[in-house]
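Visitor: Here are the chains, one letter per residue:
Protein chains: 2
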Amino acid sequence: MHHSGLLTLLSLLSVIDGAYCGKILVFPVDGSHWINMEILIVELHSRGHELTVIRGSNCWRIKEESPYYTSLTFDIGKFDDEFFNGFIVNLLQIRREKRYFWDQDMLGLDILKIISNYHQEVCNMTAMIFDNETLMNFFQDAKYDLMLTDPSFGGGVLLAHRLGLPLVFNVRWTVHGEGHFDIAPSPLSYIPVPGAELTDKMTFLQRVKNVLIYTVTVHQQSKYFGEPYRAFCHKYFGPEVDYFSLFQDADIWLMRNDFTFEFPRPTMPNVVYMGGFQCKPSKPLPKHLDDFVQSSGEHGVIIMSLGTVFGNLLSDVAEEIAAAFAQLPQKVIWRYTGTRPANLGNNTLLVDWMPQNDLLGHPKTKVFVAHGGTNGVQEAIYHGVPIVGLPLAFDQPDNLSRMRKKGTAVIVDFAELDRTVFLEALKEVLYNPFYSENMKTLSRLHRDQPMKPLDHAIFWIEYVMRNGGAPHLRTQSFRMSWFTYHSVDVILTLLGAVLVILWLTFSLIKCLCCMLIQKKIKRE
Amino acid sequence: MHHSGLLTLLSLLSVIDGAYCGKILVFPVDGSHWINMEILIVELHSRGHELTVIRGSNCWRIKEESPYYTSLTFDIGKFDDEFFNGFIVNLLQIRREKRYFWDQDMLGLDILKIISNYHQEVCNMTAMIFDNETLMNFFQDAKYDLMLTDPSFGGGVLLAHRLGLPLVFNVRWTVHGEGHFDIAPSPLSYIPVPGAELTDKMTFLQRVKNVLIYTVTVHQQSKYFGEPYRAFCHKYFGPEVDYFSLFQDADIWLMRNDFTFEFPRPTMPNVVYMGGFQCKPSKPLPKHLDDFVQSSGEHGVIIMSLGTVFGNLLSDVAEEIAAAFAQLPQKVIWRYTGTRPANLGNNTLLVDWMPQNDLLGHPKTKVFVAHGGTNGVQEAIYHGVPIVGLPLAFDQPDNLSRMRKKGTAVIVDFAELDRTVFLEALKEVLYNPFYSENMKTLSRLHRDQPMKPLDHAIFWIEYVMRNGGAPHLRTQSFRMSWFTYHSVDVILTLLGAVLVILWLTFSLIKCLCCMLIQKKIKRE
Numbered sequence: 001m002h003h004s005g006l007l008t009l010l011s012l013l014s015v016i017d018g019a020y021c022g023k024i025l026v027f028p029v030d031g032s033h034w035i036n037m038e039i040l041i042v043e044l045h046s047r048g049h050e051l052t053v054i055r056g057s058n059c060w061r062i063k064e065e066s067p068y069y070t071s072l073t074f075d076i077g078k079f080d081d082e083f084f085n086g087f088i089v090n091l092l093q094i095r096r097e098k099r100y101f102w103d104q105d106m107l108g109l110d111i112l113k114i115i116s117n118y119h120q121e122v123c124n125m126t127a128m129i130f131d132n133e134t135l136m137n138f139f140q141d142a143k144y145d146l147m148l149t150d151p152s153f154g155g156g157v158l159l160a161h162r163l164g165l166p167l168v169f170n171v172r173w174t175v176h177g178e179g180h181f182d183i184a185p186s187p188l189s190y191i192p193v194p195g196a197e198l199t200d201k202m203t204f205l206q207r208v209k210n211v212l213i214y215t216v217t218v219h220q221q222s223k224y225f226g227e228p229y230r231a232f233c234h235k236y237f238g239p240e241v242d243y244f245s246l247f248q249d250a251d252i253w254l255m256r257n258d259f260t261f262e263f264p265r266p267t268m269p270n271v272v273y274m275g276g277f278q279c280k281p282s283k284p285l286p287k288h289l290d291d292f293v294q295s296s297g298e299h300g301v302i303i304m305s306l307g308t309v310f311g312n313l314l315s316d317v318a319e320e321i322a323a324a325f326a327q328l329p330q331k332v333i334w335r336y337t338g339t340r341p342a343n344l345g346n347n348t349l350l351v352d353w354m355p356q357n358d359l360l361g362h363p364k365t366k367v368f369v370a371h372g373g374t375n376g377v378q379e380a381i382y383h384g385v386p387i388v389g390l391p392l393a394f395d396q397p398d399n400l401s402r403m404r405k406k407g408t409a410v411i412v413d414f415a416e417l418d419r420t421v422f423l424e425a426l427k428e429v430l431y432n433p434f435y436s437e438n439m440k441t442l443s444r445l446h447r448d449q450p451m452k453p454l455d456h457a458i459f460w461i462e463y464v465m466r467n468g469g470a471p472h473l474r475t476q477s478f479r480m481s482w483f484t485y486h487s488v489d490v491i492l493t494l495l496g497a498v499l500v501i502l503w504l505t506f507s508l509i510k511c512l513c514c515m516l517i518q519k520k521i522k523r524e
Numbered sequence: 001m002h003h004s005g006l007l008t009l010l011s012l013l014s015v016i017d018g019a020y021c022g023k024i025l026v027f028p029v030d031g032s033h034w035i036n037m038e039i040l041i042v043e044l045h046s047r048g049h050e051l052t053v054i055r056g057s058n059c060w061r062i063k064e065e066s067p068y069y070t071s072l073t074f075d076i077g078k079f080d081d082e083f084f085n086g087f088i089v090n091l092l093q094i095r096r097e098k099r100y101f102w103d104q105d106m107l108g109l110d111i112l113k114i115i116s117n118y119h120q121e122v123c124n125m126t127a128m129i130f131d132n133e134t135l136m137n138f139f140q141d142a143k144y145d146l147m148l149t150d151p152s153f154g155g156g157v158l159l160a161h162r163l164g165l166p167l168v169f170n171v172r173w174t175v176h177g178e179g180h181f182d183i184a185p186s187p188l189s190y191i192p193v194p195g196a197e198l199t200d201k202m203t204f205l206q207r208v209k210n211v212l213i214y215t216v217t218v219h220q221q222s223k224y225f226g227e228p229y230r231a232f233c234h235k236y237f238g239p240e241v242d243y244f245s246l247f248q249d250a251d252i253w254l255m256r257n258d259f260t261f262e263f264p265r266p267t268m269p270n271v272v273y274m275g276g277f278q279c280k281p282s283k284p285l286p287k288h289l290d291d292f293v294q295s296s297g298e299h300g301v302i303i304m305s306l307g308t309v310f311g312n313l314l315s316d317v318a319e320e321i322a323a324a325f326a327q328l329p330q331k332v333i334w335r336y337t338g339t340r341p342a343n344l345g346n347n348t349l350l351v352d353w354m355p356q357n358d359l360l361g362h363p364k365t366k367v368f369v370a371h372g373g374t375n376g377v378q379e380a381i382y383h384g385v386p387i388v389g390l391p392l393a394f395d396q397p398d399n400l401s402r403m404r405k406k407g408t409a410v411i412v413d414f415a416e417l418d419r420t421v422f423l424e425a426l427k428e429v430l431y432n433p434f435y436s437e438n439m440k441t442l443s444r445l446h447r448d449q450p451m452k453p454l455d456h457a458i459f460w461i462e463y464v465m466r467n468g469g470a471p472h473l474r475t476q477s478f479r480m481s482w483f484t485y486h487s488v489d490v491i492l493t494l495l496g497a498v499l500v501i502l503w504l505t506f507s508l509i510k511c512l513c514c515m516l517i518q519k520k521i522k523r524e
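If you're matching them up, the sequences are chains A and B in order.
Take UniProt numbering: the last position of the first sequence gets the number 524, and nothing is skipped along the way.
Take UniProt numbering: the last position of the second sequence gets the number 524, and nothing is skipped along the way.
A portion of the hints provided could be inaccurate.
Because identical chains cannot be distinguished in the list, a pair is counted as satisfied if it fits within a single copy or across any two copies.
[Stated by the list, open to error] Heads up, simulated DSSO-like pairs for lysine-lysine below, C-alpha to C-alpha not over 30 Å straight-line: (1) 452 x 23; (2) 440 x 23; (3) 143 x 406; (4) 440 x 201; (5) 280 x 452; (6) 209 x 223; (7) 440 x 143; (8) 440 x 98; (9) 143 x 427; (10) 283 x 452; (11) 113 x 98; (12) 280 x 364; (13) 452 x 519.
It should be emphasised that the hints constitute simulated quantities derived from the structure, not laboratory data.
Based on the sequences and whatever the hints tell you, model everything.
Guide: Written out as structure tokens, the structure is:
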């Protein structure tokens, strides 16, 4: 047994030793996406690769100076933060008041336009790079081995095509939606589209809803998000280059996902699942937190965080949540930056920030109250902590509906949240072992992999550098029109042939009959 | 770097150490399929698992006594060897005389019936097991953790269903054809069906051929191969159990394949590619062979083997091959059990058997003349030796057309083979570096994996034992009718709705027009 493990190690080391320390061009996306990209960058840097990061002039999280990379900064129009914050407040109000979906859709249209503008800004910035001959020469001379990018914005894809670089995605979303929908067959009969909040077991009406939402979002995203890239490709690459196929043609898709999180679905040879690559064992807590956690005794601790964007809840909701917490014997650590709720019990500690990973990994932690962002859900799976979910926007409802289907979460509707409902949900997850047992199983399955997700991701990045791409893992399908791909021409031809044969047979029989009748008539 | 490799080793070892030494029931297939299965069995045994092998009373290769497993032998009707050998001779003659496809098809129909009979025999043997209450109690009491089976015959699938055991396939073919077609979306526009000898880049006419062959084979295989299992399921499991979905429901599919061999195509989360798991570094040659090989000097060596079944060629073909070899400066080692050809040059050594793996791995070996069986092609890829292909039957033409597309083989048509054609092909592969360079690249890609294929396979077998299956990797699609799977009901409903709306709108407009006209008339 150990012998074979050792052989694996040796083969691994030989691969690592033989690795060319490469030059990687990174075109990341700001915000929470950067947190994930930075983990890859730090790891790649530690393995001796040289990284250059392209960033916009007004980045929020991507620092200009770093020990891990050299950065190149370009002017870019600002992402409209103010509008975005207003949007969040609006969204929470609409969700809270359970207004008609019409209101949500109008708000959705507003945000579509804002994001569309930002896609345009990214294209403008990329055009600036393309038009700067000195810079393009510099890129050519630097002889990069690879473009590593997050395709939820397309600048990296465009630049990689221009520079002829192999392309690796750090991806869950592309410009057009969930990554799988770009490249893998996705039967809508059991694959819920993002935003549908459905599972892989759907009733007839749910399947109708799924198809309708798919049709609408494909149209919207092509119109609002695809347009800037379409225009860009037409200008810089000519009319024969389809921007969508540039995305589909990436060498390796490192998916921030796996099948303990996602529903099982068709996939492709060049999709590598690295879900949970950001997770790590917990470290000991700082003294004051540890004391608080230990004071919970046998009851244990509840931790609550709704991420950075939703840290500041509507005050009436915060009051209801505080009141529910106050009725429990557990201790509560709540990351909350709004006004201190009047109902706050003395079992509840409000914090501006918490070491979420270390708390989730603490044996006293019983429940995680979360909005359902991807990172938080992945960490909950990794540490095996069941969830009370308060989904607010974006992919959160979908992420949490996956957890509910797997029996690892109870979801509280934001519109119906009051102290009773919330307390009910907390008690259910605290005292019904169903949820924690399921989450522990999921955690065990998630950790039971031949290789750690981060090592797996790095292997494939280095693989693409070693081999100058991975063309043998990319299918022919993206060089085909939908007409050809679905064999529509063949089916029509075969149907035509059958019809012609039927018609000929019929005509022949008719002819024969006529002849027979005529003969009969003549004879008579 | 090494640090991270060590971490991977430690995580591997912890998984291995924690492994439960399990009990595995194996339902193998005889012949060349057993060679592959035995490799898994030996490895599983070395890791401490206990194996029980179910075998028929007249097995050719599966021995009753083994240090690696306990066997259970059951009476089974004999596979008609005599007919089979006659079939092979017939087939070679038909291929040689390039007779119309009609002859081939008639012969194909004969072999379909023979194989169909053997499927019936396997079902009879399985029924014997099912009807033996003592035996079934023994199986139940033994508490196996897993059924490992080769699904080209279905006995293991049926028994696993009855015993409620998790199911792992060692598979390239199932009862119904190539394994992927059973479970993964397989667009016929770029996935060539077995027997079509096409690639993943097809012209319109080739795509028509592909769809036609698919339609015919699906029908044939369901009729000739599926029928015995359908009847068996109906009798033992009741009408609601569909035998096909029992196959689709396997936990893990260990595919004897990878994408250096196969064209890239959609796949599923529970498909694990272990292509080349049987390959190993070459050992030194026996003295007399080594002397012969070394005597080739700078010219190097050609090795030729057409496998066990085709060892004995038609004598006129053998003469042409011998004459071609005689004109080359290379040394030739030819595994041939027929009469010694008169044209044999003194550079050619005839052998009954050869250490094929050790010869393929020898640096002096320049070309491999092969019939294109899966194992031989995998070994050629592993060792990076280009191929002159003489495809004769079964999957050989398809295997070799894959190699030709990848620029690693020249194929000689059996009907057109004479000394000139064969010599031409040999010289092309010997002296045009294109083939050996492509094969060396393929070899490098094949070996560049995070884990050795055999270790990968064993990991997933043990995974299924540790976790009692892998339900989270199996999609919902197999619980659906094709009607639902392809959303036909939803599409028809939505089309209906659109038509109704159009009709209503039209009627309304018509009504309004009528009213307007009537008003006008009245006014006038």
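Visitor: Indicate, hint by hint, whether the structure satisfies it.
Guide: Status of each hint after checking the structure:
Taking CA atoms no more than 30 Å apart as the test, residue 452 paired with residue 23 passes in both settings, with 24 Å inside one copy and 28 Å between copies. Taking the shortest Cα distances, residue 440 and residue 23 sit within 30 Å of each other only across copies (25 Å), while inside one copy they are farther apart (40 Å). Taking the shortest alpha-carbon separations for residue 143 and residue 406, only the inter-copy value of 28 Å comes in at or below 30 Å, while the best intra-copy value is 47 Å. In this assembly of identical chains, residue 440 and residue 201 lie within 30 Å of each other by CA distance solely inside one copy; the values are 23 Å within and 46 Å between copies.
Proximity of residue 280 and residue 452 under a CA criterion of 30 Å is satisfied in both settings, with 10 Å inside one chain copy and 26 Å between copies. Taking the shortest alpha-carbon separations for residue 209 and residue 223, only the intra-copy value of 21 Å comes in at or below 30 Å, while the best inter-copy value is 38 Å. For the homomeric pair residue 440 and residue 143, the shortest alpha-carbon distance between copies (25 Å) is at most 30 Å, but the shortest distance inside one copy (47 Å) is not. Within a single copy, residue 440 and residue 98 get their C-alpha atoms no closer than 34 Å, and across copies no closer than 63 Å, so neither meets the 30 Å cut-off.
Neither within a single protomer nor between protomers do residue 143 and residue 427 lie at most 30 Å apart by alpha-carbon distance, with minima of 58 Å and 38 Å respectively. With identical chains, the CA atoms of residue 283 and residue 452 are at most 30 Å apart within one copy only, with a shortest distance of 19 Å there and 34 Å across copies. Taking the shortest Cα distances, residue 113 and residue 98 sit within 30 Å of each other inside one copy (23 Å), while across copies they are farther apart (65 Å). When the C-alpha separation of residue 280 and residue 364 is checked against a cutoff of 30 Å, the pair qualifies only within one copy, where the shortest distance is 18 Å, while the shortest distance between copies is 49 Å.
For the homomeric pair residue 452 and residue 519, neither the shortest alpha-carbon distance inside one copy (85 Å) nor that between copies (79 Å) is at most 30 Å.
Violated hints for the displayed structure, listed by number in ascending order: 8, 9 and 13.
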